[in-house]
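Fit chain B to the given chain A structure using the hints.
There are 2 protein chains.
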Amino acid sequence: MYKITQVKNGVCASEGFFADGVSAGLKPDGAKDMAFIKSDVLCEVASAFTTNKMAAAPIKHFKAKGDFKTDFVLINSKNANAMTGGAGVEDIDEILSTCQNVTNPIMSSTGVIGVRLPKQKIIDGIKLFDFSQKNPSDAAKAIMTTDTFSKEIALKVELDDGSCFHIGAMAKGAGMINPAMATMLCFITTDAKVSSQDMQSALDEVVRKTFNAISVDGDTSTNDTVLVLSNSKSNSYDEDAFKEALFKVMHFLALEMVRDGEGATKLVTYNITGAKDDNEAEVVAKALSDSLLVKTALFGEDPNWGRIASTVGASGAECLEESLRISFDNLCVYDKGELYFDKEMERKAAIVMGHKKFTISCDLGIADGNFKAYGCDLGYEYVKINADYRT
Amino acid sequence: MYKITQVKNGVCASEGFFADGVSAGLKPDGAKDMAFIKSDVLCEVASAFTTNKMAAAPIKHFKAKGDFKTDFVLINSKNANAMTGGAGVEDIDEILSTCQNVTNPIMSSTGVIGVRLPKQKIIDGIKLFDFSQKNPSDAAKAIMTTDTFSKEIALKVELDDGSCFHIGAMAKGAGMINPAMATMLCFITTDAKVSSQDMQSALDEVVRKTFNAISVDGDTSTNDTVLVLSNSKSNSYDEDAFKEALFKVMHFLALEMVRDGEGATKLVTYNITGAKDDNEAEVVAKALSDSLLVKTALFGEDPNWGRIASTVGASGAECLEESLRISFDNLCVYDKGELYFDKEMERKAAIVMGHKKFTISCDLGIADGNFKAYGCDLGYEYVKINADYRT
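One line per chain: the protein sequences are A and B, in this order.
Note that my numbering numbers the first sequence so that position 340 is 340, with each residue one more than the last.
Note that my numbering numbers the second sequence so that position 152 is 1152, with each residue one more than the last.
Derived from the structure by calculation, the hints contain no laboratory data.
Glycine included, C-beta positions come from ideal geometry on N, C-alpha and C.
Be aware that one or more of the hints could be misleading.
For the chain B half of the interface with chain A, some residues (derived, Cβ under 8 Å), not all of them [unchecked claim]:
{"hint": "1", "residue": "Pro1028"}
{"hint": "2", "residue": "Gly1030"}
{"hint": "3", "residue": "Met1054"}
{"hint": "4", "residue": "Val1112"}
{"hint": "5", "residue": "Thr1222"}
{"hint": "6", "residue": "Thr1296"}
{"hint": "7", "residue": "Gly1306"}
{"hint": "8", "residue": "Phe1358"}
{"hint": "9", "residue": "Ala1387"}
Computed footprint of chain A on chain B; a stretch qualifies when at least three of its residues, placed anywhere within it, have a C-beta under 8 Å from a C-beta of chain A [claimed, not checked]:
{"hint": "10", "segment": "1069-1075"}
{"hint": "11", "segment": "1333-1342"}
{"hint": "12", "segment": "1370-1383"}
Bound conformation, chain A alone (with noise of 0.2 Å):
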């Protein structure tokens, strides 16, 4: 058995492990706009990204280097560094090969799509960095292009034999809410002694449960990426304890990524079970997260359960009308056609659609596969950010 608790500093929970934001005039108001993670060692490196055809110049400047080892990310906001081409990638080597007392350095980049980097300006904020600041809530504010607050966690995982490690991490969320501002980017450092195969095949198993569950508006952008580093440094390990504690880590974040999407006022859960299999599951519950009529539903608390329904006919996945029920929270709306939604239950309905946080169940009744996912309402607030012009 083990044990979880949470503990301060985000990425830098870990020994070993450095990090801060500086503000290096990317950001026209003066707020920090670059950070980095820097370790004392190189580190195990696992991986996620964007399965977006136009994956940004950082995502192929880290494909090109195969299998490899690091000691320092370098983050900017406000310029993503995609359909740049092959100067994008090029702009990346000259940067980093400015970096001191680095050995193995990557980047990642969030912010407009289509425009080269200011590579002066980023390679000026470089010197701004001291590699012996532990200060992870700068790093985690830097990142942030159109987050209304920043997004940080660290767990300590005890083990039975006495040893524990720590998962630290910081993320900036999917809301695209500027044009063309449109990524998601994680990093979470470790000092459990894992190997890269380990924590690669830990990662994938959680990422389709947290950040792939997750929508504000169903666009994939260019640039999502999470990256685990590991420094091995605890010297302690476990399997189970490890995934769990990764999911703990990366569904918080997901979830807050959810909570501040784009005017987003619900954070709703789509519980989906009884359907062909987990697979199936999935796309209903993310049909559901991504369709346009239940999410102004959610936000004109309309407890409209033939939109569910009808999303849920429309998704592809086997389902009938005859072996259907539709829950919000507790409250059963609709059971295989065989209750009568009637204006007291609209009215508890309706109460429930009120809440900031509530569950939507649909269980279809053919078999035993499930998925949950995660969505957000949409609302004015939405259109007003994502329809004004580029400033």
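Quick look at chain B alone, frame taken from chain A:
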């Protein structure tokens, strides 16, 4: 060769078809809410329905009949008769059994999901029908739900041999304005001497490029229906001419639906070329017309080609940053990474986006696949319409 000209009288353009709309008290404001199309002989039928697995009772009722001819279509608005189980299908039988002087009646519904039909009101409404009437425009008005204008068209096709036939149609839009109002319906009549098999194959081919190529909000309703009835009275037919006229009718109505999408201010054509095949071109075109980020950029008149590129990349279709070209009307804004999108180009692109109607073209530069889809923007009005609580 053949000549196609526009004529009057919608679904009554062909001899032997009668239609009208009446008010049966389904719409609270007393507007017309029930329509019929009556033929004085039994007609061949072709049909296309929603792929939604929660297909409404009228669709189940129709499909249960197998191959058949019909002389009467009853249509009601305000109630979709969807998610009403076996009882919903029995309601249709009961209602249609009260129709006098018809041989093989069918029914079509649009409106709220999950509520049983107001049977008595509809049966009383049928008594108001006068089968000698030719009021196609009143029928077109009666089937409207949240459409802001009625949609009808009729064409005359003159062949080289001196014969001619007609195709007339009415439709209601895909504007899912009120919660659970979620249907497009289209009824087409013709006096072409066409077999039901030929009519069905023409419909299948045309529907893909018309009604299946439009998107208001990407949701697929429980009730979507296209019916084509032919009474063969003209004794005239030509396969190519029929197909072209059918395309013109359905293309016109499909674009009218997009133009009348909830709160839509723009009609945008997504012209995809150079894809691996036509199917991949269709995937890209629909990804663009469904993308929230693209739709809100249209509303904001933001010439943000980065969102276009990102959506193309996220669509799953084969594509490359190095072979992609993006144009707004005739203005190329991204050309395989070799174009510098400067302020002057941005100004020109913003002018295009200020228009009510324009084309966004993406040449993927892979092979010869192409497809055109049609979409609209998404603004405050959409949210207002869709978030408002049902009244």
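If you test the structure against every hint from before, which numbers come out violated? Of the numbered hints, 1, 2, 8, 10 do not hold.
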